[in-house]
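Asker: Chain by chain, the residues:
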Amino acid sequence: MADLRINLAGIESPNPFWLASAPPTNSGYQVQRAFEAGWGGAVWKTLGDPILNVSSRFAAVNFNGQRVAGFNNIELITDRPLEVNLKEIYETKKRFPDHAIIASLMVEPNQAAWHEIVKRVEDVGVDGLELNFGCPHGMAERGMGSASGQVPELVEKQTYWVKEVAKTPVIVKLTPNITDITVTAESAVQGGADAVSMINTINSLAGVDLDTWNTIPHVAGKGAHGGYCGPAVKPIALNMVGECARNANINVPISGIGGISNWKDAVEYMLMGATGVQVCTAAMHHGFRIVEDMIEGLDTYLDEKGLASAMDLVGKSVPRYSDWGDLDLNYNIVARINNDICINCNKCHIACEDTAHQCIDMLKDGNGKDILQVREEDCVGCNLCSIVCPVDGAIEMVEVPNELPSMTWNERQAVLSSTLTSQAMKK
Amino acid sequence: MSEYQDFLHERDRIDFLLQKGYKITNVTENLSGAFVDFEKSGESNGEAPRETLHILNADARKYFSAMLMKQQKEEV
Ligand SMILES: Cc1cc2nc3c(=O)[nH]c(=O)nc-3n(C[C@H](O)[C@H](O)[C@H](O)COP(=O)(O)O)c2cc1C
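Residue numbers (full-length UniProt numbering), protein chains in the order written: chain A, 1 to 427; chain B, 1 to 76.
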């Protein structure tokens, strides 16, 4: 059995699977049941001045039979007084001393307010703090959450205020509702953050009801934008983690969040630079026990890869994540159709003919059987045919040798401009 | 004509000049594609012969770029 323990900026946890700050971590009862199920850590539902919520709060986007492909909420932070939460945090930590409890915090951008809440939560023995600069609705209208998380100066300043008094590691949770997340991540690091976590939810409207014309969800016939999460956001969040991981100025650990539903998602995040992961929607959809498969899957994967520790995964794919200008323009792949497996649905032909490069021919083989064949010389290797193909293994994308040497766009432009320069010098 | 045939045709025109000893001296890229200037130096008398190819095909534009890289390496 591999060692699943992680150490994220000094916060130790028996495995990389934490529950994100959200309804699953609302109370001591829930967090203790989560730890019993096997979760390694929990980021407590965000603490701050207790709020008032509306009803209803959630909506899901189902896609082609998959329930909860995306999840939308207009819920705010905790609606329970600080004392109640602190008592339950204390009790939970006492029962589960080896599990990580991180207090998520949100107060107005004011030094004294941050100092007060930090001291009070640290007094009950939390392992770390997570500053919620991410909630996109409700709190943002009051100058908190994503409203302060979108202003780099405020991220830096508030992180700094927290670090002035914090004795435990400080994680800054970033909003994805910004053009370039590395800017606010850098601000967090400038302010002294020990780690960053991402992503909080993405501004969203789940839908509009075609009969009533109400928004989904609606509150007495009115709607407001919410925050989107769940499997649909994973590619967005994974890119943000990767962009931060490869940025030399963001030299702190990353806690990865967004659409993580199983051990494979978690491994992808860790390979892309996350030291551990946080989960919300998948737990809300399937319950705490999903962590059992996550632990088993990760353990088996590490053994298969011959890795002794989960920490050995962290960042292994980061050097492979680059800029478009550094990709080899002369690397070629083409599609090959295996007609023994192909069911002749022609989806690849239609996709290629209508929307790609018109290089899949509908032919007949020697026995008069319909077959599909790629004209490899016209195939640009776009992958579309294999994406739309409903049968695994029917279309393979294969690398074809190119007699031309590797050449990136950046290298090409450098050569072109130096040709121009040398010509200008000759003249 | 397929894109590949376009490529072969434009590559042949590039190769033809390179094989005759021409070198790429300038590339102008704009909305219409690439205009690649070739010059054959070292001729004993008169002005060095010049040619310009208008390259439209994307693979052919990769091709002359690779040839230009090769040419620069050889010059060093
Ligand atoms: C109903 C709901 C409430 C949430 N409340 C909070 C919160 O109080 N504090 C916070 O930092 N994030 C909150 N989040 C965001 C999650 O912690 C997490 O960042 C986001 O859901 C992405 O993870 P997921 O795709 O696994 O759900 C909430 C998410 C949901 C769905």
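The hints are simulated quantities; they were obtained by calculation from the structure and are not laboratory data. Just so we're clear, the structure is a prediction, and the values are computed from it rather than from any experiment. Every residue gets a Cβ at the ideal spot worked out from N, C-alpha and C, and that includes glycine. Check each hint, because a few of them may be wrong.
[Said to hold, decoys possible] Partial pick of chain B residues on the chain A-facing surface, computed with a CB cut under 8 Å:
| # | residue |
| --- | --- |
| 1 | 2 |
| 2 | 16 |
| 3 | 22 |
| 4 | 27 |
| 5 | 30 |
| 6 | 62 |
| 7 | 65 |
| 8 | 66 |
| 9 | 68 |
| 10 | 69 |
| 11 | 72 |
| 12 | 74 |
| 13 | 76 |
[Claimed, not checked] Now the in silico label distances, taken between C-beta atoms and shown as ranges:
| # | chain 1 | residue 1 | chain 2 | residue 2 | range |
| --- | --- | --- | --- | --- | --- |
| 14 | B | 12 | A | 293 | 41 to 47 Å |
| 15 | B | 76 | A | 373 | 27 to 33 Å |
| 16 | A | 345 | B | 76 | 51 to 57 Å |
| 17 | B | 18 | A | 418 | 15 to 21 Å |
Asker: Quick check on the hint: residue 69 of chain B CB to chain A CB, less than 8 Å?
Answerer: Residue 69 of chain B check passes; min Cβ-Cβ to chain A is 5 Å, inside 8 Å.
Asker: Against chain A, is residue 2 of chain B within 8 Å by beta-carbon distance?
Answerer: holds (5 Å)
Asker: Given residue 76 of chain B as an interface hint, is its Cβ closer than 8 Å to any Cβ of chain A?
Answerer: Violated: closest Cβ of chain A sits about 11 Å from residue 76 of chain B, beyond 8 Å.
Asker: Take the shortest C-beta to C-beta distance between residue 62 of chain B and chain A; is it under 8 Å?
Answerer: holds (5 Å)
Asker: Was the hint right that residue 30 of chain B lines chain A, CB cutoff 8 Å?
Answerer: At 13 Å from the nearest chain A Cβ, residue 30 of chain B fails the 8 Å test, so the hint is violated.
Asker: Could you tell me whether the CB distance from residue 18 of chain B to residue 418 of chain A stays inside 15 to 21 Å?
Answerer: holds (19 Å)
Asker: Taking 27 to 33 Å as the hint, is the beta-carbon distance of residue 76 of chain B and residue 373 of chain A inside that range?
Answerer: The hinted range 27 to 33 Å is violated for residue 76 of chain B and residue 373 of chain A, with Cβ atoms some 45 Å apart.
Asker: Regarding the hint that residue 27 of chain B lies at the interface with chain A, is the smallest CB-CB distance below 8 Å?
Answerer: holds (5 Å)
Asker: Does the interface hint hold: is residue 16 of chain B within less than 8 Å of chain A, judged Cβ to Cβ?
Answerer: With a minimum Cβ separation of about 18 Å from chain A (threshold 8 Å), the hint on residue 16 of chain B is violated.
Asker: Does the Cβ distance between residue 345 of chain A and residue 76 of chain B fall inside 51 to 57 Å?
Answerer: holds (54 Å)
Asker: Taking the least C-beta to C-beta distance, is residue 72 of chain B closer than 8 Å to chain A?
Answerer: Status holds, d = 6 Å.
Asker: Hey, does the residue 65 of chain B contact hint survive, CB to chain A under 8 Å?
Answerer: holds (5 Å)
When the structure is compared with the earlier hints, violations turn up for hints 2, 3, 5, 12, 13, 14, 15 and for no others.
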